[in-house]
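Visitor: These are the residues of each chain, in order.
Number of protein chains: 4
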Amino acid sequence: MARPKSEDKQKAILNAAIQEIAEHGVSAPTARIAKIAGVGEGSLFTYFSNKDELLNQLYLYIKEELRESMMSDYPKTESVQNRIRHAWNTYVKWGVANPQKRIVLAKLGMSNKVSEQTKTQGSEAFADIFNMISESTANGLLRNYPTSFLSAIMGSLADTTMNFIAGNPAQTEYFNNAGFEAFWSAIVNA
Amino acid sequence: MARPKSEDKQKAILNAAIQEIAEHGVSAPTARIAKIAGVGEGSLFTYFSNKDELLNQLYLYIKEELRESMMSDYPKTESVQNRIRHAWNTYVKWGVANPQKRIVLAKLGMSNKVSEQTKTQGSEAFADIFNMISESTANGLLRNYPTSFLSAIMGSLADTTMNFIAGNPAQTEYFNNAGFEAFWSAIVNA
Amino acid sequence: MARPKSEDKQKAILNAAIQEIAEHGVSAPTARIAKIAGVGEGSLFTYFSNKDELLNQLYLYIKEELRESMMSDYPKTESVQNRIRHAWNTYVKWGVANPQKRIVLAKLGMSNKVSEQTKTQGSEAFADIFNMISESTANGLLRNYPTSFLSAIMGSLADTTMNFIAGNPAQTEYFNNAGFEAFWSAIVNA
Amino acid sequence: MARPKSEDKQKAILNAAIQEIAEHGVSAPTARIAKIAGVGEGSLFTYFSNKDELLNQLYLYIKEELRESMMSDYPKTESVQNRIRHAWNTYVKWGVANPQKRIVLAKLGMSNKVSEQTKTQGSEAFADIFNMISESTANGLLRNYPTSFLSAIMGSLADTTMNFIAGNPAQTEYFNNAGFEAFWSAIVNA
DNA sequence: TATGAATGAGGATTCATTCAT
DNA sequence: CATGAATGAATCCTCATTCAT
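Chains as they are written, first to last, in numbering that gives the first Met the number 0: chain A, 0 to 189; chain B, 0 to 189; chain C, 0 to 189; chain D, 0 to 189.
Since the hints were derived computationally from the structure, they do not count as laboratory data.
What you are looking at is a predicted structure, and each value in this text was computed from that prediction instead of being measured.
Simulated crosslink set (DSSO-like; lysine-lysine; CA at most 27 Å straight-line): (1) K118/D x K8/D; (2) K34/D x K112/D; (3) K118/B x K112/A; (4) K34/D x K112/C; (5) K8/B x K4/D; (6) K112/D x K34/C; (7) K112/D x K118/C; (8) K112/B x K34/B; (9) K118/A x K10/A; (10) K50/D x K112/D; (11) K50/C x K4/A; (12) K50/D x K50/C; (13) K34/C x K8/A; (14) K50/A x K50/B; (15) K8/A x K118/A; (16) K8/C x K4/A; (17) K50/B x K118/B; (18) K92/D x K10/D; (19) K4/D x K50/B; (20) K8/C x K118/C; (21) K10/C x K92/C; (22) K50/D x K112/C; (23) K118/C x K50/C; (24) K50/D x K4/D; (25) K8/C x K34/C; (26) K34/A x K112/B; (27) K34/C x K50/C; (28) K112/B x K50/A; (29) K112/A x K10/A; (30) K112/A x K34/A; (31) K112/C x K118/D; (32) K34/C x K50/A; (33) K50/B x K112/A; (34) K75/B x K92/B; (35) K34/C x K10/C; (36) K112/D x K50/C; (37) K112/B x K112/A; (38) K112/D x K112/C.
Generate the whole structure from the sequences, applying the supplied hints.
Guide: In structure tokens:
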């Protein structure tokens, strides 16, 4: 019986980690994360066996949230361009709405604490988008680049776009459109 | 803090820092950096007043090296497209030839140890390119986006390109061309 | 703290403690002991108010088991030499058969967690042997040393003997005899 | 140049460790050891890479001191019995004079932190005594037991003797003689 | 100026014990 | 009564920085 491991507390720790890591980097002390999460220093380790584990779980946690954001109302039946646009829009929207999570994802991605396996696992969530791009390459709509390259282009241009929106929130619409325009031109078969 | 006699030692420290930070991140101990540089761990602090200072100097050191690589044979008199292509090529070439420096630049860029001022100062070295893009926007060759946005697009697509080359050295030529093609399509006025 | 229903669980904990302490020392975590015992980590504290209490009880538990081993078929009516030989044999036999318990007894004996009172209490179980030696000293069979000294000599030589048997199980018989021979010569009145 | 690693400080740490471990066991905190040694908490780790290393070095340090005590005026040319008596006397004398070191040696010997290799190395210092016993066995003076068994008997009886002296300092002479008498009877060929 | 020993604040992690369930 | 989640004090160790040499 005993007290069951609370999912709330686990999430509180993950969210506290987001806050702290966004602000102070991957080296943010576990003690501070615990404090912000409102749990004891030791409790963090009942939910994550060690800091690395926390970092890896955090990476997947954010990726999963992003996936949900992008996939919840994914228009499977629409045209490819519309679907790509939808992916772009939802990604940018999420990034703008969750600047800390975006930063943390980037910091974790750079860190050698997050394993390749975790990164791979994180990417798998986006298989739908990957497949869509893959098909569009096959049918000649997009340039004949490796799908992973096209995906990476999307990621990097969307990130750049988000950075500019973050710096100029008033021009969210403008940069979102400009970014997509550039992106689309970059990948579409001429 | 007067400029110390040995400029060699200063560079040895910077280069050691590149090695260590590339491999172990910004948290690489100063003691290890000093050891690899072949100087005493205290000596590091006669060349850099503290670790943050070292990190900021390192950022500028690498940026400067990159600038030299890109600008040494910059074809001032050629067409804009050729100059942009030259910038792209030299950037990618440098990045491929100096994977550690590229990683370090990225890690330092993410870190909150490198000040905004330093980052700004690092960008100033690329004023020529910035200006060229600026002019090309004005004369209608490029899309009418803020120059900083166009520059950022270049940076992010070039980085993406380098990542793929790093993963597939045999296809250096292919990805360099594909990346540039995408980039050029992204920015050129339709 | 009222005597809990399950005496089995109490013993399970004591036996688990033997295992863990033999292998990892007195600092073996209560959580691990509980786990091996198959009880919740909190339950351990319903059987023993704290770790020190567990350690002290464990000391007595093993001593008591040893006493039973040595006394169950104690030949009260035989000659002194035979009785001493019987004590020696049963002690060595027990130690060889229960190497972990022997180690734990030694580790607990060294530890400052086990109180003097507990140690005294543990010795009282061997009053019969003590008395026998005492009488034998009085009637001139044994050297005129304090009984406690003679007892200690027996303990240390038996321990040494067991160590050698542990290292050379094939020569159990040999070392048992050699050890007793040395012991008897050491204490008998010349 | 810099400050040279002070041998004094190293010894201060070892001696502080003796004090603390004698009193509080192998789990004595490094911080407290450092404090008693009069050095910073961190300094301990410039002399010993970690606590285990400290423990192993401490074991050898004490063994070496014991060896010096026993060997400094070892009467190589005297009769075997005299030499054995000398070894016994100097051992007991050392143990009585250094009760803490004796306890620490015992505690370290029990601990799984001290490696077998260290223990072996610690024994090698007593090769002279070992050889003497070996020869005496060969020429029939001592019982025909393995030398290591005879050595162990000496160690255990001497330890027992020291324990009694520690408990009754006024009877040092008595127990020393009684102990040796028992020991000699135990090992000499009848 | 160069060195690396010295330092203590800081950080990850463990663990006996408590207490909600 | 049984459980194991919750806790924070305690512990080992690291590291930027200082300073004696």
